[in-house]
Structure formats: structure tokens, C-alpha cells
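Q: Put chain B on the given structure of chain A with help from the hints.
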Amino acid sequence: MGRIPRDYLINRIVTLFLTILIAATIIWIIPRLSPVDPAEIALGRMAAGAGAVANSEEILAQLRANMGIDQPLIVQYLKYLGGALVFDFGLSTAAFPTPVSTLILNALPWTLGLMILSLIITFFIGNLLGALMVWDRSPKLVRVAIPAAMVFTSIPPILSGLLLMWIFAAKLQWFPLTGAYSIFVEPGWNWAFVQSVLHHGFLPALSIVIVTFGFWALGMRGLMITVQGEDYVKLAEAKGLRPRYILYRYMIRNAILPQITAFALKVGLLIAGQVLVERIFAYNGMGKLLYDAILNQDFPVIQGVSYVIILMTAISVFLVDLLYPFIDPRIRHEAA
Amino acid sequence: MKAPVLRLTASALAFAAFGGMALAQDVARENTVIFDLDRTIQDPENFNWMTPGTKRMHGAHQTMWEPLFILNYGTGDLDPWLATSFTGNADSTQFTINLREGVEWSDGEAFDADDVVFTVNLALTNEEISSREASTLRAQVESVEKLSNTSVAFQLKAPNPRFVVENFGVRIFGSFLIMPEHIWNGENAATFAFNPPIGTGPYTLNSAASNRAIWDRNDDWWGAKTGFMDLPAPERVIFLESGGEESRAQLMAANQLDAAQNVTIGTFEAIQAQNPNVIAWHDGYPYAASDPCARQLEINTTVAPWDNANMRKAVAHIIDRSMIVNVAYEGTTEASQTMFAQYGSMDPFINAIIDAGYGLSPRADVDAGVALIEGEGWVKDGDYYTKDGETLSVNIHVNSASTEYTRTIDVIVEQLQRAGIDARAVPVENGVFWGEVLPFGAYEMSYSWLSCGAVNEPWASMGRYTVTDVVPVGERSPGFNNTARWDGPAAEAYSAIMADIASRPLGDEAIPGLVAEAYQHLDAEMPFIPLVQAAKLLPMNTTYWTGWPTADNYYNHPFFWWNHTHQIIHNLEKVE
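So the protein lines, in turn, are chains A and B. Taking numbering that gives the first Met the number 0, the leading residue of the first sequence gets 0, the next gets one more, and so forth. Taking numbering that gives the first Met the number 0, the leading residue of the second sequence gets 0, the next gets one more, and so forth.
So that you can see chain A by itself, here it is in the shape it has in the complex (with noise of 0.2 angstroms):
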């Protein structure tokens, strides 16, 4: 463990930057090489509602000004990447004329708040029950009802909100039905909102929980059954350490590096949500967006998500790069 390389650092944040401008030009590529005009869609979406539409090729000609896909593709794309560069993604096609952004930001916080978590206590408790899984000393109940509980992993997330939403909201009545907090709260930093959304969040995020423990259970059980028949384990069994110790500092720290990679990668992209509760739950998260967005093919909103998540993804993969060494002691960070 010491100081991070100049090089070794540089050579890092290089590779980040070219990561997210070759992923942002992939996100703005794909949906141009389908033959769906945004523009179209927009007037067909008026026609849908409502029947005719008068004055459709000014409309449309309108509406491609607004969008900004009358200009030359070269001139989308650098407009697009400037953009980026400043989190301006333009407006979105099927909320327009809402900034994609103020559509991301408002939905932000909500998914940050639910997903995140949602994955650290599955993190903690899955990594855990996998560890006490395999080690020898766990009470023989512990032993029996960690697998049983992991049958819930098998229910999609959507039917284990319904049923938790159904028991917990409709009969018994502890919990709301729906919504991030209470339509009788204003937003804001104070003690009766955040009491809402604590109220308000902790089916949705009972329901992520209980179906997705099981992933991070197994995998640590996986790695602690290898760890186990380490020498460094015998050692520190020979030396007479207490066996709750070794299991802390010898088994589970080692076998908990593939899961902090894991995480790191799950950070990203559960930034897309879990969709299916957001929807159940009129939870307005970034899945619930980009769902929507999907449907609607509001492309400027796709590319936006899109790009929150490999920002996501690619700046927890270096900081846990950069982290490691701080982790595991063994590892040290080599000049490029």
C-alpha cells in the first residue's frame, strides 16, 4: 500500500476518458441506424390521441427543427458530444420541450436513494449469509434456513413487490401502496419528508432485497470454500487464532475481493433501476425513465440514461481500481 503512481494514475484517467467517448458515440450511433424518425413518431403519437392532424408537414418540419435532426449527422454528433461534456442532452422528444437532463436529475436521486440501498444491504447481508454458509462453526439453524430463505432469490423482483405490497400495504396496512413519499409532503430537506420516503422506500426496497441477496450469497460462498483450503487459513488455524477472527480477517477479506469488483459494475448499472418495481411502485427512478423512454423511442433521453450509466459504471471501475491496493495490501499499483 502506498502512493498512486503518476503514471500508473494518468494512464488510468486517459483510459476512463476514452472509455465513456467511445460508449457515448456507440449511444448516439445505434439509435440513428434505425429508420424511425423521432419526428414522425412525435406527430404519429398526436394522430394516436387523437385522429387527424392538421398542418402535419409543418409540424413535423417544426418538430425537426426542435429536435435538431434537420442539421447535417456531423453536426448532431458534435453538438451531441458538447453536450455531454456539460450533462446537456438536449430535450426530450416525448416530454418535450424537457430538457433531457432536468428529466435525468429528477429522476436521479430516487434510483441513487432505492438502488444504492438496496445493493449495499444486499451486499452486506448475501456476502455474509454466503460466508456464515461455509464456515464450520455456524449454528446448524443458520446452516438450514440461509438456503430456504434463498428460494425467495428464484420470485421475480415484480411478484415479490406485489405479494410485500399486497400483504404489508393493502391488508395490513403499515406501508403506502405506491409513490417515492406521501402526496401530502412537500420535497425538501426536512425530518417529515424524509420520514415519507423512508416509509415510502422500504417495500420497494424489501422487495429488491429478498430476490437479490441470493446472487452476492452464492458467489461468496463460491469464493469462501475456495479460501477456505488456503494455507494462510491453516496457518492461522495451527496458530490457535480464534476461529471468528480467522473468519473475518483471513477468509472473508480475501474472498471478498471478486465481490467488490462486482459491486463496483452493479454500481452503474443499477443506476437503470430495477423497472418493473419502480413501475408497480410509481417509484419515478431512472428505470421508470428509461422504460418510458424506450417506449416513446425518446432517443435524447435513451442517449442520456445511457450515458449516466457508463459514467457510473466506468468511474466506479477506476476508483475501485484505484482502491484495491488500499483493500488487499498484497496488491500494488504498477507504472504504466
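Calculated directly from the structure, the hints in this document are not laboratory data. Please note that the accuracy of each hint is not assured.
[Stated by the list, open to error] Subject to a maximum C-alpha distance of 25 angstroms in a straight line, what follows is the list of computed SDA-like cross-link-like pairs (lysine to any residue):
{"hint": "1", "chain 1": "A", "residue 1": "Lys78", "chain 2": "B", "residue 2": "Phe191"}
{"hint": "2", "chain 1": "B", "residue 1": "Lys156", "chain 2": "A", "residue 2": "Ala53"}
{"hint": "3", "chain 1": "B", "residue 1": "Lys312", "chain 2": "B", "residue 2": "Ala495"}
[To be verified] FRET-style restraints, in silico, Cβ to Cβ:
{"hint": "4", "chain 1": "B", "residue 1": "Gly487", "chain 2": "A", "residue 2": "Tyr76", "range": "45 to 55 angstroms"}
{"hint": "5", "chain 1": "B", "residue 1": "Glu575", "chain 2": "A", "residue 2": "Ile115", "range": "47 to 57 angstroms"}
{"hint": "6", "chain 1": "B", "residue 1": "Ala192", "chain 2": "A", "residue 2": "Leu256", "range": "44 to 54 angstroms"}
[Unchecked claim] Residues from chain A that face chain B, not an exhaustive set, calculated with beta carbons under 8 angstroms:
{"hint": "7", "residue": "Ile40"}
{"hint": "8", "residue": "Ala47"}
{"hint": "9", "residue": "Ile58"}
{"hint": "10", "residue": "Gln61"}
{"hint": "11", "residue": "Ala94"}
{"hint": "12", "residue": "Phe95"}
{"hint": "13", "residue": "Pro96"}
{"hint": "14", "residue": "Thr101"}
{"hint": "15", "residue": "Ala169"}
{"hint": "16", "residue": "Ala179"}
{"hint": "17", "residue": "Ile182"}
{"hint": "18", "residue": "Arg278"}
Everything numeric in this text was worked out from a predicted model, so none of it was measured. Ideal placement from N, C-alpha and C gives every residue a C-beta, glycine not left out.
A: What follows is chain B alone, placed relative to chain A:
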């Protein structure tokens, strides 16, 4: 956005400084009516309805912005609201709308002709305003002029007897909404957020967030002061995003919702089993109310063998509408008798068509259908008809966005298959369907509702199939009209009658007869095949509120996301 971080920080500081209070004035549940919102309020801080996007149906045009008139679907009358009457000249190129006296904006300013002239001119002079209503007005109006504080004159570009109902009468969903000149003047109409918004309606905005908008009653509403109407009973109106059918069912069962968006019959029965206070438009089957856009099978009349009218008629005979009703819609709708939505206001025209012998049977006449096919030289060879070595087949494009659509097409495919036509469903994503398939004629047959429009007079639907809108396949049909590319002598004869109907004033006694005369061409050529009425099964909760619109308590239709919802709210009575 130029500096998102700055904005985020500013928002956080603003929340810290001003936000975070519980709503200042709590209103008891029994004084609150909660409507279902089927979408997220994407930008809760923007109330500029003139840009396309959703900035009205979260309660803004149901509680705050009032229309000039409201079309009654039962009688066909235009019920006066902010306006009291209108007159038109003989050739329907000039209209004068008379406004109600004493109308006020919620900030106390008078609502008058200046506001109407100002808002109409906004639409006429700003092409970047691309909402459907603004664009329609731009296409129709040459100029607008204030005659007095309560009188406005419109000069149209071309005769249009339907001008007032089309633009100011809440014909379908919304109407051209008048904005306060004293607030909008000097603003860029394409970008102005209009926040905080005001209106003339009996409710003002309390707050809006992405999942709900709360509107509180303005006890100083002009309508109560002038004697136009009493104050509505609900003290608060909430539009709440429910999160989908499963959630809205739970909310309805738990009395946390008073009116819900469309549900399936299974969900409705489950709700009723838990909450017997929940009702629908009808007491029993079909439960649902009819939406204005009746469903139909569109046919591209340029593609062989469906360019042959007898082949199209054959398909019309083979389709069993009652089976579509029972299987695809589970009994929640009814078979269409004509191309029209079956409202009371349309009865004269529907009856004229049926009396002339052009009404459709709900049952199939497969024998008549196959006789027409065989008459065209097709021979049954195994399961399918063939001719010159070619199998009789058809691809039917269907929007995959709803099971309503795909289930209907599955039933039709099955019926055609049994009759010897190798029919296939081609599910297409929503955007592709409306953006690429329908307008460009890129289909043989498709399931849609392109006759949508007629709710009080026939032209709005029938006028969509004239030869003036025929373009080659691959070019976009103007305004989504005549995507069937129906042309030829019968279409021309039909179009001539349509031109006659188009120029006649609403209510002209000759119109029903002309409709029947024109319909003979549709019946003979079948450029599309009417199927069933569009069903909307809307659960309404009588635990806290009664007076909901139903078939037995008719004052208008129940679509509470439309601009006419002012009528619904005024009719609600608190359960004591």
C-alpha cells in the same frame, strides 16, 4: 442545461431554505377527490400547454383552465362555459364568439376578449408552437379581432362549419386554451414555463411533483360569484400517478383513489370484490364506456389482391365481430354497426346508414365471404385458397403496445385462417407503427382507429377518406387521412358528397341522407372494415363521492383526463 451541478446545488439549497414543509393546509380525505394519472409528470415546473408534451392532464385542464364550450356527447350540443354563444356567417368563413361576463382569472384580473385575441395570435404568429391545437388553429384562421370586451370575431382561411367545436369545444381530449395576456405578454410562447400558473377555473395549483399534482378550491371563483354555478364540492383535487393496473387496483380497493384509468374486466371484478362501492359506466356487461376512436381493420387498397373491392368485402363478411367482443374484449365492448363511435349525438347518422341497409352485422357470414373469394377465381387447395399457384395470404400489422390490439388481431387471424386465408399477425412496436407503417401505407392490413374524429357530426371521420388525401405508397398520408389510398370512381363519387357535407352547417337536415348516400360507396368498396367500439373500463369509487358520470346518470362521458372534467367535478356530491 449549462451547469447542472450548479442547478443541483441551487435546488438543494432552495429545498433547504423553502421546501420541506408539510402542505400548508391539510384537507380531510372525505373532502378530497383523487383521480388516477397514468403517466409521470415529466416536468412538474412547466405549465406551458402550447408545446407538445403532457402539461394539461395532471389536473391543469380539468380544474384550472376552462374551455369556452364543452361538447355533450349525448346530445351533440355545445354547452357554454367561458363563452355563452357563437354565430357564423352563411358560408362559415366568419365566426363571432361571445364571452361570458364577469369571468376572472384566479389572480383577480378580468378574463375578456383581449385574452382570447392575444392567445389566438400567439398561435398564429409563432410557428414554433407545435401543439396540435395551435397548429390546427394556424391552419384554419386568417385573423382574429376583438369586437368588444366580450366578443371576438374570427376570419377563416376557408369555410369550416365545425370551426368552434373543433377548436374550442373539447371535441376530443382538449381544446384551444386561453391564456392570461397580462402574464404571457412579452414572453416567448415556445419556452415560457408559466409557473406559477393561473386559470379561470375553480381550483388553483397547490403543488406539483413528478407523481402527483394537488389543486385546491378557490372559494373566490368567479363562477360562484356571478351565479354561473355553485362552487364544486371537493375542496381539493389530486391527480396521482398510480403506477399501473396492479397498483391502481390496490389503491381503488383501499379507497385511496376515486377514479381510475382503464382496467381489464378481471381487475375490475377483483376491485369490486374487495370494494363494492366501486362502479363503472354500465352496471353490468359491457361495463365499459366507448372511447371516440372505434377500432377497425385498415386495408391498403393498392396491394393485390386487396386492391379488389370484392376481396375486401369477403374479409368483412368473414370477420365475426361478436367473437372479437367476447374473446378479445371479454365482453366489455360492443360490435360496431358503422364506422362511427356509437354516441347519442351520432344516432341520426348511424340510423340513416342502417336504414339504408349498410349497417354491419355482429355475426360473420362466412359463406358469403368465400363465395366472393371464389367468384374472383380463387380455389380452395387444402387449407388455403390459391390462384395461379399463389396462396391467398395477408400480413396484418398490429401495434404491439397493448394486448387489446394483439388479442383482437389474433382472433381475426384465426377467423381468416379458418376461412382459407393464410393470415399472419405482424406485431410492430408503437413508434414504428404510428411513425412508419400507417402514414406511409407500409402494410397490407392493419389494426387501428383512423376513422377517429366524429363525435357529433359525421364529417370528422368520413372526411378522412377523400381522394384529395391520396398519395402513393411510401409518401406520408396528409394528416393520417386515407392511408388506405382509396381511389377510383367510387372514391371520387364519395368525395364529392363529402365536399357537400363539409360545407353544410352543423345540424343541417340534409346531412343524414347525404351520409347514407356516401356510405353506399364505403359499403361497396370497403377501404376499411369497422370492427368494434373502443372500450374504456374506468372504475369510479362511491365511498366518498357520488355523481359520477354513468350510462344511468348521463351528463357527459367519463374520460376524466379530458378538458370536460370540469363538468364531472361540478357534479360530484359528497357522501355524508
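Q: Indicate, hint by hint, whether the structure satisfies it.
A: Here is what the structure says about each hint:
| no. | hint | result |
| --- | --- | --- |
| 1 | A:Lys78 - B:Phe191 | holds (24 angstroms) |
| 2 | B:Lys156 - A:Ala53 | holds (14 angstroms) |
| 3 | B:Lys312 - B:Ala495 | holds (23 angstroms) |
| 4 | B:Gly487 - A:Tyr76: 45 to 55 angstroms | holds (47 angstroms) |
| 5 | B:Glu575 - A:Ile115: 47 to 57 angstroms | holds (48 angstroms) |
| 6 | B:Ala192 - A:Leu256: 44 to 54 angstroms | holds (50 angstroms) |
| 7 | Ile40 | holds (4 angstroms) |
| 8 | Ala47 | holds (5 angstroms) |
| 9 | Ile58 | holds (5 angstroms) |
| 10 | Gln61 | holds (4 angstroms) |
| 11 | Ala94 | holds (4 angstroms) |
| 12 | Phe95 | holds (5 angstroms) |
| 13 | Pro96 | holds (5 angstroms) |
| 14 | Thr101 | holds (6 angstroms) |
| 15 | Ala169 | holds (5 angstroms) |
| 16 | Ala179 | holds (7 angstroms) |
| 17 | Ile182 | holds (5 angstroms) |
| 18 | Arg278 | holds (5 angstroms) |
Checked against the numbered hints listed earlier, the structure breaks none of them; every hint is satisfied.
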